[in-house]
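In case you want the letters, here they are:
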Amino acid sequence: MKLITAIIKPFKLEEVRTALTDLGLQGMTVTEVKGYGRQKGHTEIYRGAEYAVSFLPKVKIEVVVPSADVDKTVDAIVKAAKTGQIGDGKIFVSTVEHTVRIRTGETDDNAL
Amino acid sequence: MSSSLPSRRLATVIAAVALPLASAIPALAATPVPNKGDTAFMFVATVLVLLMTIPGLALFYGGLVRTKNMLSLLMQVFAIVAMVSIIWVVYGYSLAFTGGGRFNDYIGGLDKMFLKGVTAETTAATFSNGVVIPEYLYVAFQMTFACITPALIVGAFAERVRFPALMLFIALWVTFVYFPVAHMVWYWAGPDALADAAKKVAAASGDAKKAAEEALAAVQADAGKIYKWGALDFAGGTVVHINAGIAGLVGALLIGKRVGFGREAMPPHSLTMTMIGASLLWVGWFGFNSGSNLEANGTAALAMMNTFVATAAAALAWMLAEWMGKGKPSLLGLVSGAIAGLVAVTPASGFAGPMGSIVLGLIAGVICFIACTSLKNALGYDDSLDVFGIHCIGGIIGAIGTGILAAPSLGGTGVLDYVVKPGEGVVGEYVIATQVITQIKAVVLTIVWSGVGSLILFKVADILVGLRPAEQAEREGLDITEHGERAYNL
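Protein chains in written order, with my numbering: chain P, 1 to 112; chain E, 1001 to 1490.
Hints may contain errors.
Stated by the list, open to error - Cross-link-like lysine-lysine pairs, in silico, BS3-like; alpha carbons within 27 Å at most: (1) P:K90 to P:K72; (2) P:K34 to E:K1328; (3) P:K40 to E:K1328; (4) P:K9 to E:K1328; (5) E:K1209 to E:K1199; (6) E:K1326 to P:K40; (7) E:K1225 to E:K1441; (8) E:K1228 to E:K1209; (9) E:K1228 to E:K1200; (10) E:K1257 to E:K1068; (11) E:K1068 to E:K1036; (12) P:K90 to P:K79; (13) E:K1068 to P:K34; (14) E:K1441 to E:K1376.
The hints are simulated quantities; they were obtained by calculation from the structure and are not laboratory data.
Given these sequences and hints, build the entire structure.
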């Protein structure tokens, strides 16, 4: 099993969710995060107090899939989340050791 | 036929003619009674001023601080209203608005302590002869002013003051600074007292005339020092704004800057709240300015007009100045400009003409913008919510502007003389230069009294209770450390 972590632009969330559902994915976890890469922030001014805001709002999606499905899942996310502009985001793939479905006790691939 | 019939008929005829005549002749010593329109108007004005403070000022300030300190600001403003209300009716009204004997130039007496002698029948003078309002209503109206003035101060050292120290300071401040300044600027014997004394002078002759003249002089002397100078302050440019503004600056300098000021980001957590607060302030300010006329007439309407256009002009001026200077027009700049305009027009509201008020607003908007941005950054002090930059600077612009704009030659109302033709107010001669100098004197005395007084009282509160929270507590947020609550549990 692999954990796919995707940091994407917030307005792309719906598109990515639809793409993953079309693939047959049953669930995902979404978090609102802040971050930056090559996309610079902006300046905000409040009555003469200037703030350089480096952190931009992003959305983090986490899905765990069977190892065989990693490539097609990553491709689907890339296709849905891409705009071609700086700040589109990144995808990280890591290994998951063990999975359990809480309600039934099913494990590993049966729990996905 | 009885001989009484013709005499009875004659008596009836005489009565039918004489009675209407008698009631048409105004009785010389008839006690004026409140007019229901004036009373209803002042009731609404009082309530509007309370609305300015809670929630207007509370939200205006609250939105400008970080989430972790929002509740502390709401708490400070609301608690100040509650505390000062009680102080006002116990001794504040008496000290501000009665004759004080030896120190009457500076402070009143305790004759009306606990509102002694004030009943539902007693009345308070207005600025028109023969027009009065219920005294309770005057007490209540002035009470809202006594509440909002100290509440303004807290913005200067927001996010870094301890609640108990603040409450102690405020209780002392209203006693030793606000009540004396209100007395000095606004206390006078009233138009009817002046008219009665002047009429006695006119009616007297020989030795009695000299005594009557001395009596008139005594009535004219029964007023606050700044009032006797002839300074004009319709609704509180000096009493409220310069007063609070300088106290705020002193507090900000004494307490010091917020932890992380200049290095860490501390943007407003909710400009939505700030805009709501600013809007409530503008709406409520009609009660503040028009209500200061104490009766519902054309002057109250003039004050409303000025409160409209000066504010609009100042809001646009700040917005445009910022647009040109920094590149973008901001909401915070727009509403800050509006507040600056409101502050500046306050002393002028019942005196200036609307076109003059527009000019006043434009000037206040630009100068306060500079004060709150370039000047503040250059001098490096942390006046968190620009109490000095908007209220003190705006108040000074307004006070001096009033001296110019009240001139009849510039569309102003001029100043009324109640002695030359007793029973009515007559517009006297107006010399702009003289009036401006008088206004400057009033400004200087207010700054000195409030500045020195606030400094001493801050020190007292600091020694007795401790003004500033520990650094860790300030970092965590006053909501949790002072009040054990969160403004938001999202």
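Hint check results:
1. P:K90 to P:K72: It holds: about 16 Å lies between the C-alpha atoms, which stays within 27 Å.
2. P:K34 to E:K1328: holds, 25 Å
3. P:K40 to E:K1328: With Cα atoms ~19 Å apart, P:K40 and E:K1328 stay inside 27 Å; holds.
4. P:K9 to E:K1328: Holds - the C-alpha atoms of E:K1328 and P:K9 are around 26 Å apart, at most 27 Å.
5. E:K1209 to E:K1199: holds, 11 Å
6. E:K1326 to P:K40: holds, 20 Å
7. E:K1225 to E:K1441: This hinted pair holds, its Cα atoms lying about 11 Å apart.
8. E:K1228 to E:K1209: holds, 24 Å
9. E:K1228 to E:K1200: Between E:K1228 and E:K1200 the Cα gap is close to 22 Å, so the pair holds against 27 Å.
10. E:K1257 to E:K1068: This hinted pair holds, its Cα atoms lying about 17 Å apart.
11. E:K1068 to E:K1036: It is violated: about 47 Å lies between the C-alpha atoms, which goes past 27 Å.
12. P:K90 to P:K79: holds, 12 Å
13. E:K1068 to P:K34: Since the Cα atoms of E:K1068 and P:K34 sit roughly 20 Å apart, the hinted pair holds (cutoff 27 Å).
14. E:K1441 to E:K1376: holds, 25 Å
In summary, the structure is inconsistent with hint 11 from the numbered list given earlier, while agreeing with all the others.
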